[in-house]
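*Asks:* Each chain, written out:
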Amino acid sequence: MSVPATRAASAENALLSVEHLSIRFGGLVAVDDVSFTATDRQITAIIGPNGAGKTTVFNCLTGFYKPTMGRLALRHPSKGEFLLERMEGFHIAQTAGVARTFQNIRLFPAMSVLENLIVAQHNMLMRASGYTVLGLFGSKVYREAEKEAVDLALYWLDRIGLTNRADDAAGNLAYGAQRRLEIARAMCTRPVMLCLDEPAAGLNPRESGELTRLLMAIRDEERIGVLLIEHHMDVVMGISDHVVVLDYGKKISDGSPQAVRDDPAVIRAYLGEEEDEDLPPEVARDIGEERS
Amino acid sequence: MGYLLQQLINGITLGMIYGLIAIGYTMVYGIIGMINFAHGELFMIAAFISIISFLVLGLAGIGWVPVALLIVLAATMLLTSVYGWALERVAYRPLRHSPRLAALITAIGMSIFLQNYVQLLQGARIKPLQPVISGGFQFFTDGKFTVTLSYLQILIAVLTVALMLVFTWVINRTALGRSQRACQQDLKMASLVGVNVDRTISLTFVIGASLASVAGLMFLLLYGVIDFFIGFLAGIKAFTAAVLGGIGSIPGAMLGGLLIGLIEALWSAYFTVEYKDVAAFSILVLVLVFRPTGLLGKPDIEKV
Amino acid sequence: MTSARASSATSPRSPLDFPSALRESGVVALVTFGLAFALVGFRAEDVPGGLDIRFRFDEVMAVTAVGFIGRFAWILLRQGRAFPVAVTALPFGAAMVAALLGPLYAPAAKLERFVVFGDLVVNWLLAIFALGFGGRAAWLIWHEASSITPEAREERMDRIGAAIQQASRYVGPLLLGLALALPFMPFADRRLLDIAILVLTYVMLGWGLNIVVGLAGLLDLGYVAFYAVGAYSYALLALHFDLGFWTCLPFAGIMAAFAGILLGFPVLRLRGDYLAIVTLGFGEMVRIILLNWYKFTKGPDGLSGIPRPTFFGLPMTANPPEGTQSFHQFFGLEYSSVDRIIFLYFLILALAMITNLFTLRIRKLPVGRAWEALREDEIACRSLGINPRNTKLTAFAIGAMFGGFGGAFFATRQGFISPESFTFIESAIILSIVVLGGMGSQIGVVFAAILLIGLPEFFRELQQYRMLAFGAAMVTIMVWRPRGLLAHREPTIRLEDARLKSASADSGGQPP
Ligand SMILES: Nc1ncnc2c1ncn2[C@@H]1O[C@H](COP(=O)(O)OP(=O)(O)OP(=O)(O)O)[C@@H](O)[C@H]1O
Ligand SMILES: [Mg+2]
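Protein chains in written order, with the numbering used here: chain A, 1 to 292; chain B, 293 to 596; chain C, 597 to 1108.
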């Protein structure tokens, strides 16, 4: 259950290592020479003020943007190393096993909750259906694969507590449920790394607590790496094992939650922001102590 | 050399007509994000109103060309605008918050309706008109070929440029233009800050229709024959022009129109007339493959 | 809301805002006048040596008056004042009908002097319109009801749509049974069968296009190109290589699918309306090529003598070639020309059913789900590892394939094809069937095809008004119900099915 807190994220055993990542949009350098690593069975948080370039890092990792420079190496536990900057977006999710959620939720709103989870297993099912040909004739291989897919979907449906909404259109769910569904959908791709873009945004305290538990369970039970962008500092400080701080595209701090919290550079970056909720008050410290 | 020059002149003349229609497409698209498929029919209706106006003037004995032209132009612009306004009111306004495909279907339905409406009222036969303006400059001869710039072509160019100037002034300098640009950026926000969205959209249709009506009149003068079906092809060409130039961009629409006109003229001159439309569409596909949002369109950033 | 009768009996609760009602009606009348002035008021007539002009100002005035009165009546109805509408519209409509029927039954009375317009159909329309208005008003008075709100109506239609969709398990077979029995009904004459074949052709094309537009969400305005490719593939193969319909049918489908991929490649990156114009252009290009490649396609002359399909090798002709047997001889029947029609009817019914079953099945397969997901959100699809390019291409190819089958059928049924049959308007009609039926709804396509194709066919006599009514119907239906007649999406898998599939109940733990 517990992960050794001492386990350091060194480059050798890193699941993901980002080296000198830069991306430029016209004159704007949105991400400027950022390097960090993320390890499996750990939650790595990326924080920073609005517009710091966090989502852009995700977009580079998942192939939506091509970085101007840099190396993004993902060490897949069974398939070897992938250089993500050279791969097409869908290919990254398909073979390298990187799944993500979006800052503005992107579900398939007209499809049912259950269908959302089954679509996520497209590649596995596609192979099993003999690229549709065998599936049309209802071959046994496909039926078995479908059963497996349905099992996984039902499992996650149960985990996020949406079994009783399974047949409803995803677009009709409440906001918090949509967020959870998006995470479950990403998990249904059987990723080795899960990238979550502000999963707690817009959640009430109770939902936020549930989310925290879900994320810790994913880390500890599924044994995958989690990259987390989040503005809620209590969430970040509570559950992350390692925090990377960006400001204006540059990395300004990197380390354990405690270390980052006390880093003067971080405090300076956030003080300019006047977002009083952001820098952890006692609450966050409490949760942090509870965890360690 | 002379032949090429002549084709360029012809192509530009034709291109201006396409450009004027294309502006209507691009403006409507910019504001409410729909293809006004019936826009080509407004052009056709304008051509019919023009020919009727000429005939009526002929009966009334007003034969002096400048006056006749002015009256016809005014009548056509006015009456076609009514069609543009009614079109939006009847077919598009009720669907403003509906799926976009619904509006496309009503647009196609309206296009079918208007074609058959004109056919029913005015007959299916082609309508010829005696040349109203003839003659021109023969300003260039290279041995075997004489390049002519007809008075009509000059008139078309002058009229187009004048309209573009007025139009640019309206968009950039007037309250209407400001509301229009606001609606183009964000319809909901514009209505929240007090822009009268309904009125702005109505006026957009009216402006689009009046530009198309000028194009219809020019087409009538240039070719001298019209029928109820001319709106379809001209509409498609103009829409192609709008897409080529980058839909939503007004200078793009003119540029696209000129390009399509030139492609057609040159292709017909040097290759086969039959395949001129194939050439225009192929170039469109080629441009879109390399610039998916057209020549002057804003690149479509995929906000993730 | 209050009842109309109460309002006319007791004193009205809010006085009718007379000036504003008049103003509104006046605006409508003005616009009607503007619309009618040039195109209705004058008619450019061909005379030897040019054009002449004919005046019809009385009609302009009539149209304007109708606009004014109609709008005023509408305002009255909207405000629950049905009584005055009923007492004027009903007698007026009745009088119109009398005047229109007068010349038939009592020519001496010269009643036709009193009709409003010169055109018979327009007069009838006006009469029907007046009666409709009056009838509605009378109904409101009778039921003491006021008209329901658009939202309530939309909701009611949604429920009907959902009910029909859910009942499609029964409605589908029922319709199929009816379709199977149709040729043997006593009223099924040749004309009806011809119409039924036409409707079924469009049903099939609608189902084919539904894959591209309804499921994958790719707006295709050039579907007719694939129909044309199928038709010409069959015709050319049959004419040049002397092959039969059944041999060529798969080829026609494959050629069309190939054309689909050919179109698909360059347009994959395009979205929405850019895609629409390129597909439209593609359709036009195919038509222009067919029109001008004379050596190959005979251009505008078209291809004739396309062989008819055979029934397991038995031709459906009266006099088969030497040494072969025809259908009626083999079965010892009297030759009847309607047999061939019935055969064609069953052929297209079978093709349509194949399309339908295929679509129903593929919706539940990973590609089908990926199509729908792609329609909903392409970016999310990419983040899940779905290859958008291949997924779109399969949608284009499969949709095109069914278009190709449809085309081959069209060619064999007509025996003659020319580029004229493959104009943009066909694409528009097929797309309208898909959208009007309710995007993605299989049953909706059937209803829309019957409504748009079948119904007008019965009014062939009113040829010149047919397309006019067609366009007007498209607009009216869409405005009335923007999401389509039977818009309702049924999930491809429900929780019960999922539980059944997941046979062992104890597998709720950690997944493999
Ligand atoms: N496709 C793009 N084109 C141009 N600029 C972009 C693009 N994507 C992002 N940017 C810019 O890059 C900068 C970083 O944006 P990003 O979305 O990564 O910030 P963020 O850290 O996720 O902020 P937030 O907390 O608000 O989500 C911003 O200035 C943004 O405007
Ligand atoms: Mg962000």
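Heads up, some of the hints might be wrong.
Unchecked claim - Not close to chain C: a few residues of chain B, all C-beta gaps over 10 angstroms, as computed:
#1 Ile327
#2 Arg417
#3 Gly428
#4 Val450
Stated by the list, open to error - Pairs of lysine to any residue, SDA-like flavour, derived with a Cα cap of 20 angstroms:
#5 C/Lys1097 with A/Met87
#6 A/Lys147 with C/Lys891
#7 B/Lys568 with C/Leu1091
#8 B/Lys480 with B/Val359
#9 C/Lys960 with A/Ala169
#10 B/Lys436 with B/Glu566
#11 C/Lys894 with B/Glu566
#12 C/Lys960 with A/Thr55
#13 A/Lys66 with A/Met87
#14 C/Lys891 with B/Lys436
#15 C/Lys894 with B/Tyr567
Stated by the list, open to error - Short, incomplete list of chain A residues facing chain B, as computed with Cβ under 8 angstroms:
#16 Asn59
#17 Phe64
#18 Tyr131
These aren't lab readings, by the way, just hints derived from the structure by calculation.
Virtual Cβ for every residue (Gly too), placed ideally from N, Cα, C.
*Asks:* Against each hint, give a clear statement of whether it holds in the structure.
*Replies:* Now the hints, each set against the structure:
1. Ile327: Non-interface label fails for B/Ile327: nearest chain C Cβ at 6 angstroms, not farther than 10 angstroms.
2. Arg417: 6 angstroms, violated
3. Gly428: Fine: 24 angstroms to the nearest Cβ keeps B/Gly428 off the interface.
4. Val450: 26 angstroms, holds
5. C/Lys1097 with A/Met87: 36 angstroms, violated
6. A/Lys147 with C/Lys891: Status violated; Cα separation ~56 angstroms.
7. B/Lys568 with C/Leu1091: At roughly 56 angstroms apart (the allowed maximum being 20 angstroms), C/Leu1091 and B/Lys568 break the hint.
8. B/Lys480 with B/Val359: Not satisfied, since the Cα-Cα distance of roughly 45 angstroms exceeds 20 angstroms.
9. C/Lys960 with A/Ala169: Given pair C/Lys960, A/Ala169 holds - Cα atoms ~16 angstroms apart, limit 20 angstroms.
10. B/Lys436 with B/Glu566: 26 angstroms, violated
11. C/Lys894 with B/Glu566: The given pair, whose Cα atoms are some 15 angstroms apart, holds under the 20 angstroms limit.
12. C/Lys960 with A/Thr55: 34 angstroms, violated
13. A/Lys66 with A/Met87: 9 angstroms, holds
14. C/Lys891 with B/Lys436: 35 angstroms, violated
15. C/Lys894 with B/Tyr567: 16 angstroms, holds
16. Asn59: A/Asn59 check passes; min Cβ-Cβ to chain B is 5 angstroms, inside 8 angstroms.
17. Phe64: Interface hint status for A/Phe64: holds (5 angstroms vs cutoff 8 angstroms).
18. Tyr131: 27 angstroms, violated
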